[in-house]
Amino acid sequence: MPPEVPISNSPPLIAGQVWTSAALGYSFEYDPDNFDLSSPDDKTAILDLNFADGEIVVHGAQGSVSVSQMIEDELATVDTFMIGRTLDNADIDAVLGGSIGYLRGEARVYSGTLLGSNGTPVAPGGITIVAATDGRITAAVIVIVGNPDSLLGDKAQQYVVRQAADQILKTFNWGRSS
Amino acid sequence: MIRTRSAVVVSLVLVGALLTLSACGCGCAPPSPTAVPSAHAALASPAVPTGLGPTPADQPVAFSVSLRLPGAADLETYLANLSDPGSPEYHAYLRPEQFGVRFGLPDAEIDRVAGWLEAGGLAVTRFPQRTSFAVAGTAGQIDRLLGVKLVDRLTPTGVRYHQPQGTPIIPTDLTTDVATFIGLDSEPALQPSFSGISGTDVPGNGLLPDVVAKAYEIQALHDAGLNGEGQTVALVSLDTFTDSDVDLFDSRTGLSGPAVQRVRLPDALDKPAGQTGEVALDIQILRGIAPKAQIISYEGSTAFGSFGPIVRQVVADGLAKIVSISWGLCEKYYPADKRAAEEQEFAAAFAAGLTIFVASGDYGAYDCRALELTSGPRDRDLGASARWPASSPSVVAVGGTYLSVREDGSYLSEYGWEDPLSGGGTGGGLSHFYGQPAWQQGAGVTNSDSNGKRQLPDVAGPGDPASGFFIEYTDQNGDLVAGPVGGTSAATPFFAGSMVLTQQLAQREGIAFATPLGPVLYQLAAEQPGGSVFHDVLSGGNLLEQAAPGWDYATGLGSPRVAPLARAIVDFLAR
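Protein chains in written order, with our numbering: chain A, 1 to 178; chain B, 1001 to 1575.
Simulated from the structure, these hints should not be mistaken for lab results. C-beta: ideal position from N, C-alpha, C; glycine also. There's no promise every hint is true.
Said to hold, decoys possible - Short, incomplete list of chain A residues facing chain B, as computed with Cβ under 8 Å:
(1) Leu13
(2) Asp91
(3) Ala107
(4) Val143
Produce the entire structure from the sequences given, and follow the hints as far as they go.
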């Protein structure tokens, strides 16, 4: 057989679009065919799915913010556009092994009613929050789903949107210190 | 910081989503037949089978009678001795007839059981390993002989099956010979480990044979003329495939090889069902790695216990030393008698020197979560559970990874496959039922969770659909579906195909290749310098345990560096 192939110096293949937080250095890949990305500040990216009723928010903070505090901070924002928010304890919706960029974190799932921009209730909503830290950065990924139990094909919308969010989680790069 | 959602998104985007999902072929997900956790609505109104009445008396019915092995205790010792260099039985494999004579019922008992069945008008096929009979007759004959009433039912998806009402009656003097019946209940139960979603860190729409060959160092074997020629690999298929799909694969990839053969067991489906994508995936991955190998698709039913008759046939045929199984089900809910009957067949295969690669499952450490959404308690079982038959101590369990490659297609990194938000991930954990085989040893194997039970997976390969394989196949409706597909059912034929090339290398060098590879892989991992034959995956996990140096519950020993591993295996076998 030919000798062993030497280790390549070729750069990593980036199949998607990379978004990097200018403030914190973390990054992730996304498929621009599936998401419309906006960034209200240099620590936050918002990805609107163009094939399902969902939105994914990726938000970073300094590592001094604990994972639990990060989740509470995000929930305070969630409460500005969701009413009747309650913990979703359905086993079928449970997040097991929640992680961001392969770092284990904490995950919670909620249900409630989403409010429109004029403050009126518009649809049942599902919220999934995952937060984790590498010590330098604490990151949260918030998955917002409208009509979470409605079916897209043979799958619940909540499942489809969370599946899309998984692609963000697994390409999440913690940046300089990781 | 979350912006307030726009209400208009709620209804408008839904329409677009449906359009997207129905038009696969350009980076979107092909419809996955795998049951997934989905809607609350499904839980509220569970689909139930429809009763169709008694099975017509003249309806042909095929089933198996699993036979007790009087030498079961001796068999356990023998299997351990096979991989113990200090034992006189080290590598002393048995032909099926030797297995039958040593561990099975004596001839007189075999004749008595067969005679009872034949007296009832049933046709009995014996097998040299004496693990079970294949039996055929009519529903009326079976009803009369066994004292049951076969009734037909229809699954919510329209698949007809039969079930016995009542418990089969066995003559008192044969109760110590007959272990159980396989196939009297033909309700579809077994699932593929098949997942689809668009790819990310691999080129284009998913892995193609040339990228796989480069990333996992298969190319060196191809360059050396090793392409599977003269080798045979058995594929366990609980559905079927379309021949033209293989032709399409060949024309698209520029590869060619022998026509894929079918061996249809009597209970095989009479037409393609909902899992043709699984069979296509298995075939296309095997063919992409070892194009000149003869693939034999052994086709049976998805009923509990179905693996037993198929593996029995593979062993009896004696054509393949490597077997690939991409199917299974949560171990905890698999009927114990069916599992025991199958384990006998797997043990006979192990004793004959066969290696059976089995997908470890696509729901991480929580395989029971994956079952169909009905009102049954198992759908909501979030307890850790391994997948059967990956948890058999006589097979090699294959987990899945997320692969990233470099721009030139070479290997960059791998993670244990996890999709925490959608519940997907490489299967792994501890068996509830089977002890750890003696050969499962090495760094990382004994850990804080070890309890003496079988640990899985043993090895890993690319399984995350996000770095999935691009395939095209004809679904049960006759439509051509194309897109990237993953799951541990991709990793499994990947590993099996790699070992087909290894078998050819051994044959070329005159080295016998009649050894179950599980013990060999652990031995090599212990002997070789770290990273020389396996990529030791250090990140990711199985939604419960995380990948770690050495063996771990997400990726086992790691993924193969195929050419160096093949060289090491052949050198090992030459000792």
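Consistency of the hints with the structure:
1. Checking A:Leu13 against chain B by beta carbon gives a least distance of about 5 Å; that is within 8 Å, so the hint holds.
2. Taking 8 Å as the C-beta contact cut-off toward chain B, the hint placing A:Asp91 at the interface holds, the least distance being around 4 Å.
3. About 7 Å separates the beta-carbon of A:Ala107 from the nearest beta-carbon of chain B, less than 8 Å, and the hint is met.
4. With a cut of 8 Å, the hint placing A:Val143 at the interface with chain B holds, because the nearest CB-to-CB distance is about 7 Å.
Every hint from the earlier list agrees with this structure, and none is contradicted.
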